[in-house]
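Student: Each chain, letter by letter, is given below.
Protein chains: 2
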Amino acid sequence: MKAEILAVGTELLLGDIVNTNAQYISKKLAALGIDVHFQTVVGDNEERLSQAVKNAFGRADLIITSGGLGPTEDDITKETCTKYFGKKFVYDEKALEMLKGFFAKLNRKMTDNNLKQVRVPEGSIVMYNKNGTAPGIIVEDGNKILIMLPGPPRELIPMFEEYAEPFLAAKQEYTFVSRVLRVSKIGESELENRLIDLIDNQTNPTIATYVKKFEAVVRLTAKAKSKDEANDIIKPVADEIYRRLGSDLYAEGDTTISEVTCGMLMERGLTAAVSESCTGGLLASRFTDIPGISKIFVEGDVTYSNDAKMRRLGVKRETLEKYGAVSHEVAEEMAYGIAKAAKTDIGLSTTGIAGPGGGTPEKPVGMVFIGMYYKGKVKTKELHMVGNRERIREKTVDSVFDWLRRTILAEEEV
Amino acid sequence: MKAEILAVGTELLLGDIVNTNAQYISKKLAALGIDVHFQTVVGDNEERLSQAVKNAFGRADLIITSGGLGPTEDDITKETCTKYFGKKFVYDEKALEMLKGFFAKLNRKMTDNNLKQVRVPEGSIVMYNKNGTAPGIIVEDGNKILIMLPGPPRELIPMFEEYAEPFLAAKQEYTFVSRVLRVSKIGESELENRLIDLIDNQTNPTIATYVKKFEAVVRLTAKAKSKDEANDIIKPVADEIYRRLGSDLYAEGDTTISEVTCGMLMERGLTAAVSESCTGGLLASRFTDIPGISKIFVEGDVTYSNDAKMRRLGVKRETLEKYGAVSHEVAEEMAYGIAKAAKTDIGLSTTGIAGPGGGTPEKPVGMVFIGMYYKGKVKTKELHMVGNRERIREKTVDSVFDWLRRTILAEEEV
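Respectively, the protein sequence lines represent chains A and B. Residue 134 in numbering that gives the first Met the number 0 is what sits at position 135 of the first sequence, and the numbering runs on without skipping anything. Residue 343 in numbering that gives the first Met the number 0 is what sits at position 344 of the second sequence, and the numbering runs on without skipping anything.
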C-alpha cells in the first residue's frame, strides 16, 4: 500500500508550529510496512486542499489527513476531502451524544457551530474522540482509503492507536514487530564492530543501529504473518546481542539511563544523595523526575561556591587550594561528604568546567570529575566532553547514572 | 511572490526526523511577506522529486529545497531539481578550495565523491557553507527562483540568513519587522481585554497574541518600505502596550523569565541561594543554566526528606509536625534557612505536591508553597497548578522567578 500524509493548517505554513504529526504517522506507517511517498502541508484553503487530495489519490491508495475537523469556518478538511468520493453527509448519533456530554461536563453551553463536527459521510467509520470534540473518520471506497484525524497531537495519537492502526494492520498481509535495545557508553562504530557478522547477514529480522545524544540504539524489526511469529523470529538474534553486549546493553524499549538506574536503587532500597557543582541541580532533578523517588533520594546539594563545598560537604580548604575545585580530590571529598551528611548508601558528585567561560589550558571546558561513594569506598573518574554548556551538563549526568548502574551490577557479580 | 518548500529525504518519510527546516523557512518567508502555499516532503527518489519540482513550479514562483546536496549516491537534489532549467554544470573554484581546506583541517583524506558537491549550474549564485561540506545554490531564470539548502539545520540556518534572506528581501517591495513582547502571569483572555481597542483597530502594525506554557506573547508586525520606517510604525503601539501592561510585561525578544530574572540579579550583584523540595533541583539548574551565574549563585539544597530540611535549613521539627512539609510555614523556614546558611541576599524555597501520587483532599496534587527571603523579610505564596509532574515543577520554577522579578522591581519603586 502507498500512502500520503496531508497535514491541513495555515499555522503550519506560517511556521507557527512544527509538523510533528507527519513524523508520528510516518513512523507508525513504516512499522506497518506501508510506504509513504509524500508528506504534504496545505493551508485552510478549499481550492488548494482539493488539488492536494486529487494529486495524492493520483499516486497513492491511502491518504491520512490531520487537522481541520473542528467547529470553525476554517475547518474544511472533512467537506473538501470527501468530495472526491461524492458521499452524502449524515449526523452520527453517538458522536452527538459524546459532544453534548463533553460540554455538559465543562458546564459550558454548546454553540450550534459545534454540530458540524458530528456530520459524517454515509457509510464511513467514525473514530470517536475521547480527548476533544471532533471525531475522526475513515472513508473507504474501492481501493482508496481516506483517514481523517484531528490536529492536536493529544487527540490524534490516541485516536490513531485505537482505530486507524488496527484498521490498517488488518489490511496488511504481514505484520512488523520491533524491539529496541539501548546501549550505553560505546560508540556506533564499536557497536557495529561487535555486531558486524549479524548485521552483514541480516534479512529477517533487520538490524539497524543509531546513535543518540548519550547512547546507541539497536533496532530489530521482524516481518511475519503474526505478532507471535515475528517475536519468535527476533528472539534468537536479540538473545545473541544481549550475550555479546553484556552490561553495555542497559535496557530495552522506551526508557532512559536515569530511569533505569533509579529503578535499580528503588528495587534494592539503596538510598542516595548527590552533591553537584558543574551540573548545578540537573543531577538532582533527574532523580526527582521519577515519581516515588522520595523513598530513596534523601538530598541534593548544589554547592556552587567553594564556601558551600566546605560548609555543606566538609571539603577541606587545603584540598581546594592545592588541587582546585575541579579535581579528583575535590570530587572524592564531595561524594564522601554528601553520603556522610545525608547518611545514605550512595553519594555522588560532579565538578567540572561546563563553559562557555572558565576554561584554562590545564583544565579546559568539558573537563569534569565525577565521584561516587558506595559500600564504604569512594572512587572518582575524569571525563572529557565536547559541546555547549547544556550538552556537557547532560552528558555528565548520564555518565554518572551509567557509572552507578555498572558499579551496582559489578558488585553483585562478585 | 508565492513559495513552496520542498524537503528532500527518506529519513523524513520514515518518521526518523521531524521537519523543523520547513518550520524555520516558513517563519522566515512569512516575515519577508512571501506566501507559502505548500510544504512537501519527498524521498531520495529521482522520479518523485522531478514530479514534485514540476508540480511546485506549476503553482509557485519560488521553490526552496532542503537536503540532498551531500556527496553520496542518495544526494540527488541538485541534479534533479535543476533539470527544470536545463543548465550546464561547472566546478566552482572557491567552493572547491573551501572543501579541500575542510578536509585538511580535519586531517582527513578527501575522497573523490566529495567533488560532486562543488559542481554548480552555470550562472547560479553559490552559497558557501561555513559549517559543512555542501554549498547551497540559488538558480534564477525568468520569473522562477530555486534555492537549494543543505539538510542539517546547523548548516541550513546560517546559510539562509547570510545569503537567501537578503537575496529574497531585495526582491520584495515591502519589508516586515516584528517585535515580540513577553508577558507573565496573565492569561490570553485578560491580555486581550487589556488590549482590545488596539487589537480591534489594528491595521499596520498587526497585533497578535499567543499563549505559551508559562507566559503570553504579543507579536507586533509592521509592513513598510524600509526597516526604519517599519520600526517607526511599531514604536507608538509598542509604547502604549508597555504603558498598559507595566511590570506584567517582563521582556522583549527571544528570552525566558529565568534568564531575565538572573540577569537582574547579576546586574545588581544580589547573591542568591535556593532550597527545593517538590522542584527537586530544577530551580537550581535553571539558575546554573546561565553562564557566569557563579558570581551570584552560591548554593542550592534539594532537601527532599524532612531530615534534610531540618539538618540543612534549620526547619523546626514542630513546624513539620504541626503544619506538614507542604505548608506556608515550612516554605518560610526553608527560605530563611537557606539565606542564612549561605549568607545570601536572597533565599528561595519550594515545597508542594508534584504528583502523580502523594495528594490528599486537603493538599491535592498541584498545591505548592513558595517562599522568599529578601531584605530581611520572608514571605510565602500558595500556588495551585494543573498538569503532570513535569508541568507542575516547571510552572513552579517559572512562578518563583517571576515573583522574585516583581519583588525586586516593587522594592526599587518605593
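Calculated directly from the structure, the hints in this document are not laboratory data. Predicted model only: the values in this text are computed from it and were never measured. Errors might be hidden in some of the hints.
Pairs count within a copy or across copies, as identical chains cannot be separated in the list.
Straight-line Cα separation of at most 30 angstroms, DSS-like style, residue types lysine-lysine; simulated pairs [stated by the list, open to error]:
#	residue 1	residue 2
1	K212	K104
2	K53	K82
3	K226	K143
4	K378	K129
Student: Each hint needs a verdict: does it hold in this structure or not?
Tutor: Each hint, compared with the structure:
1. K212 - K104: between (43 angstroms within a copy, 24 angstroms between copies)
2. K53 - K82: both (10 angstroms within a copy, 25 angstroms between copies)
3. K226 - K143: Cα proximity of K226 and K143: one copy only (26 angstroms, versus 51 angstroms across).
4. K378 - K129: Neither: 52 angstroms inside a copy, 43 angstroms across copies.
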